[in-house]
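Those protein sequence lines, which keep their order, are chains A and B.
Each residue of the first sequence is one higher than the last, beginning at 1 in my numbering.
Each residue of the second sequence is one higher than the last, beginning at 755 in my numbering.
Just so you know, the hints here were simulated from the structure itself, not pulled from any lab data.
Since this is a predicted model, take the numbers as computed values, not measurements.
C-beta: ideal position from N, C-alpha, C; glycine also.
Careful: at least some of the hints might be erroneous.
Simulated restraints, written as ranges between beta carbons of each label pair [said to hold, decoys possible]:
id, chain 1, residue 1, chain 2, residue 2, range
1, A, Leu-355, B, Ser-1021, 26 to 32 Å
2, A, Arg-317, B, Ala-993, 46 to 52 Å
3, B, Thr-768, A, Leu-355, 36 to 42 Å
4, B, Thr-977, A, Val-542, 43 to 49 Å
5, B, Ala-930, A, Pro-226, 41 to 47 Å
6, A, Leu-355, B, Glu-987, 39 to 45 Å
7, A, Phe-435, B, Ser-1021, 38 to 44 Å
8, A, Leu-731, B, Ala-930, 46 to 52 Å
9, A, Arg-724, B, Ala-993, 39 to 45 Å
10, B, Leu-974, A, Arg-317, 40 to 46 Å
11, B, Ala-993, A, Gly-215, 47 to 53 Å
12, A, Leu-731, B, Lys-791, 30 to 36 Å
13, B, Gly-928, A, Leu-355, 55 to 61 Å
Partial pick of chain B residues on the chain A-facing surface, computed with a CB cut under 7 Å [said to hold, decoys possible]:
id, residue
14, Ala-760
15, Gly-879
16, Leu-906
17, Arg-907
18, Ile-1038
19, Leu-1044
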Amino acid sequence: MTASATAPACVECPAHNVANLTKLGVDLSQVDFVVALAGNPNTGKSTVFNALTGLHQRTGNWPGKTVTRAEGSFGFGGKRFKIVDLPGTYSLLSASHDEEIARNFILFAQPDVTVIVVDATCLERNLNLALQVLEITDRAVICLNLMDEAKRRGLQVDDRRLARDLGVPVVPTAARFGRGLPELNQAIAEVASGRTVCKPHRINGQSPALADAVGRIAAGVEGLLPGLPNARWVALRLLDSDGDIAAALRSGEIARLQNASMPAAAGESPQPPPRAEPASASPDPTALVTEASTLRWRVGPDFHQTLVESIYAESARIADRAVTHPGDKARFDFDRSIDRLVTSRALGFPIMFVLLLVVFWVTIAGANYPSHLLSVLLLDTIHPWLKAASAAIGVPGWIDGLLLDGMYLGAGWVISVMLPPMAIFFPLFTLLEDFGYLPRVAFNLDSLFRRAGAHGKQALTMAMGFGCNAAGIVATRIIDSPRERLIAILTNNFALCNGRWPTQILIASIFIGGMAPPYLAGAISAAAVVAVAVLGVALTFVTSWLLSRTVLRGEVSTFHLELPPYRPPRVLKTLYTSLIDRTLLVLWRAIVFAAPAGAVIWLVANVHIAGVSIAAHAVRLFDPFAAAIGLTGVILLAYIIAIPANEIVIPTVLMLSVLVTGISDVGSGAGVMFELDSQSATQRVLEAGGFTLLVAINLMLFSLCHNPCSTTIYTIWKETRSARWTAVASLMPVAVGIALCFVTAQLWRLVSLL
Amino acid sequence: MGPLAALCGVILLTTAAAWLFRPIRGRAWRWLRLVQKTERVLIEDALKHLYDCEFRRAPCTLQSLSGALEISRNHATALLGRLEGLDLVNRSNGSYRLATAGRREALRVVRIHRLWERYLAEETGYAAEEWHIEAEHREHETSAAEAEEMALRLSFPRYDPHGAPIPTPSGEIGPAVGMPLTQARLGDVVEVVHMEDEPEAIYGQLLAEGVHLGMRLRLLESTPHSLRFEADEEEHVLAPIIAANVSVVPIVMPVATEPARHLSDLSRNEEARVVALSPACRGIGRRRLLDLGFVPGTLVRVENMGPGGDPVALRVRGALIALRRDQARFIHVTAAEKGVAA
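With the rest of the complex left out, here is chain A (with noise of 0.2 Å):
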């Protein structure tokens, strides 16, 4: 039923469909073969991809979705292969946004060969995918990957007789030592160039009833579109309700892959099909899928679970063939031991709690140094020699002052400040992540995340939220349940970013520190800002319990926290990906978000109207409302007008401070942040600002509740692609915010009353 796919006309012909791949985004110019990378999650797929295209990738998202793309491309034989690996699914059966990805890439890319990673420890779980992926595609690789780990737990995995049963080569590999790869790429040559035709497995069924009504709809698809490749997957997707091939089938859009899966040189075979326009498919695609829907009730009540019951009778029975375990039973001794550790109701959160705290300080503890070392280069060497430079070679003032004060300052203040604590705390925690202790980690909060309608991976996405937030939004991506992945959008906010940790400590120290005995001063300070990082997490549950009842009623949920096996994790490789992305994160942000807002606050500062400047205006207007809820208008317009990075909003604040009372021995002039060495100086600007205690107290709540940073709110906007959740997650902390300040200040108001 598939002899047609090797057509005798063009043998080394590529196979994938241009146009598809095209509307994909994957760049074709000097490609001669694509490969699609397949594979269950953890089953170490992207070990292989960066095995098989070293230093030659990059990454991006699919067309129109917030899911991760990596494209990579290496040589063998004289030939350009492109490499596109695939999000990680079990099954391709369910249509979550993953698995629609993999299967439309498979399905309407056609890619050459699709490369199937599969776990060899793992072997019957894993081969549910491959014969998914065989129905679709008969040009496949299967890349029985860990084998290393198979031995060591004493399973023998016969992979000639795999590849008999599968009908497609099998390569074992350990891609982790680099081992099986050069076989992996000559298989995935061989089948690509046609020199290997594979006669791949099909799912035949052990229901008679199941592949009576396949073979039926299958011989009504030939029908209707001759020569279609995967006619019998088709007719499986129709059976089983998949609204999206039937769409496809009647928009024509699998009429046109029939066409494409002809090589170019049509005219040769014996009896070219007629090239059926996409819009007149007839007999007529409709009756085809109201067959299937009558037809479906026979095979049995749940045709689902039918199908997925027979695919893994048969991944069972070929795995069973292929793996002999000579009586292991202490294969998951290792591993059941750490998890009886780390998940014990003693010592489960002592543990967890000791290393979270290990990693927090180490990062604050190792970003210390590098960041004075930072602020001294960036800000006070090479500003007052750039400022120098331009006073002697006469540039005029504003545009000193616009690009040195005002946008070289914001640049060099965000990255100063947020660069080394990232460059610390992501690495770490990805070690942890490659160990395979952070999954662990959800499942011991599960319970907690649970009762507020969220999922227990959220606990690591607040996590990196204390790192950053945009990070932690990014991250997001690892909750696989709609309804979940957005209330972590929403509400990663409320953890404590590392541009928000000074304004808290500074803060913290001069005025409650201040108030308390010298010797306890430091031990109180502390206290007051773990209490505000402590309220952040409390916030996060209530809002969390709140949005799920609410707004996010509607949305998907599932639950389901696979705890991968612990691996030893790759520490030189992580430390090298995670410091360059860190890296340039950093200095993206910088350039794009905060030296336009270092412009916008020098102007702020600078442009006067009516002989004030634009500044006082604003703070002026500012004042009542800002008094109502227990602020100052200088933090409020602070907070406006440094949106797009919250390191800058103390400097921010002393600037503004100076310019509004006239102060006029300290700082740099209007429109230049600056931060002094004294706390004592720091103390009295502010409080010659109009600050109090309260104001102290109620800046730490509100610089814990306010929008976020501008380029979270990007990130926002491109993970979820949505005005609504991005305008939710940007109002919503503000508007908690404003409530906290404004009730803060009228009980500080009525017990001072008393």
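Given chain A, work out where chain B should sit, using these hints.
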């Protein structure tokens, strides 16, 4: 303004806003729905009500219409007059009946309503008690073409998620199946085939008792005050007035099987074999469980539990997957016989 007054004022305002805007039942939403009840919506709702009366073989009167549509008597009179004028409805001694054109129109709306319910149940995260309410709004905003698109997406479903038949586009509708649970014989095993989704309060009680479509139960005791039955190894009690909203069909019991348990009832290190997924688990949640390998015949072993007993980490087909307890409850298992590898 004193701080106390300000605080009180804001707290009052917040409470009022919460009361006005709380989801579904908030005053503001009710008001909005009332305003949106255009003449067309009222006509569609009136025809649906008349169809419902016909289906239940109950007379439809002015009172029943004004009650069902939450409109005044005068408004209902005017509405019925209009329907008569359009030849959609006939009147005979005080009660109203659908004319042929009216029935066709009513079935069209019923079709869209039930398609929406099916869609909400299969493809969204709305809870069972919300399907009907949501469908009530959406049915009026859906064109015939959109409805057919939805039917295709769902591959032409035959029943709504409450077990009621969906009319075909040409207006044919299958007969209602089953008998009320109250009429089932003691000791018979029956299967739930339909649950009436109105009134809301009764449907809510059925859901709270865990009654679901496809549930198999055995009637243990029937008195005028209560109905006691057994299902999934658990005993349930319902008031007859509530049980009357459940339709059942008797089934010929297959050969007596081993008693099934819920996967969530297993203790640590226990192993069991999956026999079925509860029909109450549907849509995306069900497909996900199947994909993860929880198909009948699979060996499952409880490897670990979260600190509070939730979630449960399960070894299934070689991987370790954590599920929540309420999901594990959907998976029915029996003791695993020794020496058989799945």
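Consistency of the hints with the structure:
Distance hint for Leu-355 (chain A) and Ser-1021 (chain B): a CB-CB separation of about 29 Å, consistent with the stated range 26 to 32 Å. At about 51 Å, the CB distance of Arg-317 (chain A) to Ala-993 (chain B) agrees with the hint of 46 to 52 Å. Restraint check, Thr-768 (chain B) to Leu-355 (chain A): a C-beta distance of roughly 40 Å satisfies the suggested window 36 to 42 Å. A hinted range of 43 to 49 Å holds for the C-beta pair Thr-977 (chain B) and Val-542 (chain A), which are about 46 Å apart.
Checking the proposed 41 to 47 Å range against Ala-930 (chain B) and Pro-226 (chain A) shows it holds: the Cβ atoms sit about 45 Å from each other. Under the hint 39 to 45 Å, the C-beta atoms of Leu-355 (chain A) and Glu-987 (chain B), about 42 Å apart, fit the expected range. For Phe-435 (chain A) and Ser-1021 (chain B), the Cβ-Cβ distance of about 29 Å falls outside the hinted range of 38 to 44 Å, so the restraint is violated. Here the CB-CB span from Leu-731 (chain A) to Ala-930 (chain B) is close to 49 Å, well matched to the stated 46 to 52 Å.
Checked against the hint of 39 to 45 Å, the C-beta distance between Arg-724 (chain A) and Ala-993 (chain B) comes to roughly 43 Å, which is consistent with it. In this structure the supplied range 40 to 46 Å holds for Leu-974 (chain B) paired with Arg-317 (chain A), their Cβ-Cβ distance being about 43 Å. Between Ala-993 (chain B) and Gly-215 (chain A) the beta carbons are some 51 Å apart, a value that agrees with the proposed interval 47 to 53 Å. Here the CB-CB span from Leu-731 (chain A) to Lys-791 (chain B) is close to 31 Å, well matched to the stated 30 to 36 Å.
For Gly-928 (chain B) and Leu-355 (chain A), the Cβ-Cβ distance of about 60 Å falls inside the hinted range of 55 to 61 Å, so the restraint holds. The interface hint given for Ala-760 (chain B) holds, since its Cβ lies 5 Å from the closest Cβ of chain A, which is under the 7 Å cut-off. Annotation: interface hint on Gly-879 (chain B) holds; nearest CB of chain A at approximately 4 Å, less than 7 Å. At its closest, the beta carbon of Leu-906 (chain B) sits 6 Å from a beta carbon of chain A; the interface hint therefore holds under the 7 Å criterion.
Below 7 Å, beta-carbon pairs count as interface contacts, and Arg-907 (chain B) has one with chain A at about 3 Å; its hint therefore holds. Below 7 Å, beta-carbon pairs count as interface contacts, and Ile-1038 (chain B) has one with chain A at about 6 Å; its hint therefore holds. Interface hint at Leu-1044 (chain B): satisfied, since its Cβ lies 4 Å from the closest Cβ of chain A, which is below the 7 Å cut-off.
Violated hint for the displayed structure: number 7, the only one.
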